[in-house]
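**Student:** Got chain A; can you put chain B on it based on the hints?
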Amino acid sequence: MTPALLQRLLAAREAKRPVALLTRLPDGAQLLFPEDATPPALAAEAEAALRDDASRSVTVDGTAWFIAVENPPLRLIVVGAVHIAQALVPMALPLGFAVTVVDPRRSFATEERMGDRVAISTDWPDEAMAALAPDARTAVVTLTHDPKLDDPALEVALRSPAFYIGSLGSRRTHAKRVARLTEAGLTEAEIARIHAPVGLDIGAVTAPEIAVSILAQIVAARRGGPKKKAEP
Amino acid sequence: MSGTTGTDSEDILGTAAAWLAEGETVAIATVVETWGSSPRPAGSRLAVTKSGRLAGSVSGGCIEGAVAEVARKTMETGAPQLLDFGISDERAWEVGLACGGKLKVFVEKMG
Numbered sequence: 001m002t003p004a005l006l007q008r009l010l011a012a013r014e015a016k017r018p019v020a021l022l023t024r025l026p027d028g029a030q031l032l033f034p035e036d037a038t039p040p041a042l043a044a045e046a047e048a049a050l051r052d053d054a055s056r057s058v059t060v061d062g063t064a065w066f067i068a069v070e071n072p073p074l075r076l077i078v079v080g081a082v083h084i085a086q087a088l089v090p091m092a093l094p095l096g097f098a099v100t101v102v103d104p105r106r107s108f109a110t111e112e113r114m115g116d117r118v119a120i121s122t123d124w125p126d127e128a129m130a131a132l133a134p135d136a137r138t139a140v141v142t143l144t145h146d147p148k149l150d151d152p153a154l155e156v157a158l159r160s161p162a163f164y165i166g167s168l169g170s171r172r173t174h175a176k177r178v179a180r181l182t183e184a185g186l187t188e189a190e191i192a193r194i195h196a197p198v199g200l201d202i203g204a205v206t207a208p209e210i211a212v213s214i215l216a217q218i219v220a221a222r223r224g225g226p227k228k229k230a231e232p
Numbered sequence: 001m002s003g004t005t006g007t008d009s010e011d012i013l014g015t016a017a018a019w020l021a022e023g024e025t026v027a028i029a030t031v032v033e034t035w036g037s038s039p040r041p042a043g044s045r046l047a048v049t050k051s052g053r054l055a056g057s058v059s060g061g062c063i064e065g066a067v068a069e070v071a072r073k074t075m076e077t078g079a080p081q082l083l084d085f086g087i088s089d090e091r092a093w094e095v096g097l098a099c100g101g102k103l104k105v106f107v108e109k110m111g
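Heads up: the protein sequence lines correspond to chains A and B, in order. Be aware that the first sequence starts at 1, since it is given in my numbering, and climbs by one per residue. Be aware that the second sequence starts at 1, since it is given in my numbering, and climbs by one per residue.
Here chain A stands alone, though its shape is the one from the complex (with noise of 0.2 Å):
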């Protein structure tokens, strides 16, 4: 790889914009899609790579090519800079995340709290998921059990495509969410993406063990859940 190429590749990576490197095998030959003129067919085999999230080799009019996916980190967006989000946002980065973590009570949402590796917004919930933008890589846990801080935030994430939404509370808080979210005029379909009460059922009773039971349950939903296991 050149050291140019290089670079692009690392600006792009630092504007957030979606690339792939192009790799012909076993030449060595490099394009950056979709900077670089790519012919259409291994443009569109690059397109499925990015829209899959899956670095893959193709043969192109008998032409083998290595394409390495290079989309932008997924999201977490973190309503609630409370004890379960302190056991959370560091077990997220690992994961491959960038954190945000939103709370309008700026003694919650300090960089003491949360550490200085995510970012922090003390706006409003509506307006700061509505800046926030959730897309289909990003994933949205409410965590505050306050329903004036939770609820507008939930209100933005169910009308996005943000491919996980999670929410604290029991299965009482929850019946009470759903009543509330539907008095605003959230449709049955919007509010059944809640994954309510959030995480996976493993028993989780530390802040550290419902992380990781939330955690599981966000990777479940980016990959698609539990797999067949491979042949022996």
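Calculated directly from the structure, the hints in this document are not laboratory data. The C-beta atom is built at its ideal place from N, Cα and C for all residues, glycine as well. A hint or two may mislead.
Stated by the list, open to error - Derived coverage of chain B by chain A (criterion: at least 3 residues anywhere in the stretch with Cβ under 8 Å from a Cβ of chain A; other residues may be distant):
1. 29-36
2. 40-51
3. 55-67
As the list claims (entries may be wrong) - SDA-like, lysine to any residue: derived pairs with alpha carbons at most 20 Å apart:
4. B:Lys73 to A:Asp27
5. A:Lys148 to A:Arg172
6. B:Lys102 to A:Pro26
To be verified - Under 7 Å between C-beta atoms, here's a sample of chain A residues computed to sit facing chain B:
7. Pro3
8. Leu6
9. Leu25
10. Ala29
11. Ser55
12. Arg56
**Tutor:** For chain B alone, kept in the frame of chain A given last:
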């Protein structure tokens, strides 16, 4: 925030760029195809320097040594290599890919 991608939180290319900036000679090995029970998916990368630094992985540790050997040659010649680790049972012990998976690894010099 830096150092994360959608498919892997390890930023091997970023590490390689940093090593290049330090004046190191660097090669990158990339898994380009897998069959069977290979532990690392296509796109997984291993960065190697002439001085012997390693970052990332292309297997569960089974073939890193062999790949690093080839990477050293690639750093000398500049010629990329496409390696097949298609392991028959009787050879599995020899190269240490006991999982029985098969993979192809592309090795290129950076810079």
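**Student:** Now tell me if each hint is right for this structure.
**Tutor:** The hints, checked one at a time:
Judged by the Cβ-Cβ criterion of 8 Å, the region 29-36 of chain B is covered by chain A as claimed, because 4 of its residues qualify and three suffice. By the rule of at least three residues with a Cβ nearer than 8 Å to a Cβ of chain A, the coverage given for the region 40-51 of chain B holds, with 3 such residues. Taking a C-beta to C-beta cut-off of 8 Å, the region 55-67 of chain B contributes 0 residues in contact with chain A, too few for the three needed, and the coverage statement is violated. Between the alpha carbons of lysine 73 of chain B and aspartate 27 of chain A the distance comes to roughly 16 Å, so the proposed pair stays at or under 20 Å and holds.
Restraint check: the Cα-Cα separation between lysine 148 of chain A and arginine 172 of chain A comes to about 17 Å, which is no more than 20 Å; the hinted pair holds. A distance of roughly 18 Å separates the Cα atoms of lysine 102 of chain B and proline 26 of chain A; the hinted pair therefore holds under the 20 Å criterion. The beta carbon of proline 3 of chain A comes within 5 Å of a beta carbon in chain B, closer than 7 Å, and the hint placing it at the interface holds. Taking 7 Å as the C-beta contact cut-off toward chain B, the hint placing leucine 6 of chain A at the interface holds, the least distance being around 6 Å.
Against a cut-off of 7 Å between C-beta atoms, the interface hint on leucine 25 of chain A holds, since the closest Cβ of chain B lies about 6 Å away. Checking alanine 29 of chain A against chain B: minimum C-beta separation of about 9 Å lies over 7 Å; hint violated. Proximity of serine 55 of chain A to chain B holds as hinted, the smallest CB-CB distance being about 3 Å (cut-off 7 Å). Nearest Cβ of chain B to the Cβ of arginine 56 of chain A: about 5 Å, under the 7 Å cut. The hint holds.
The structure fails hints 3, 10 (numbered hints given earlier, in ascending order).
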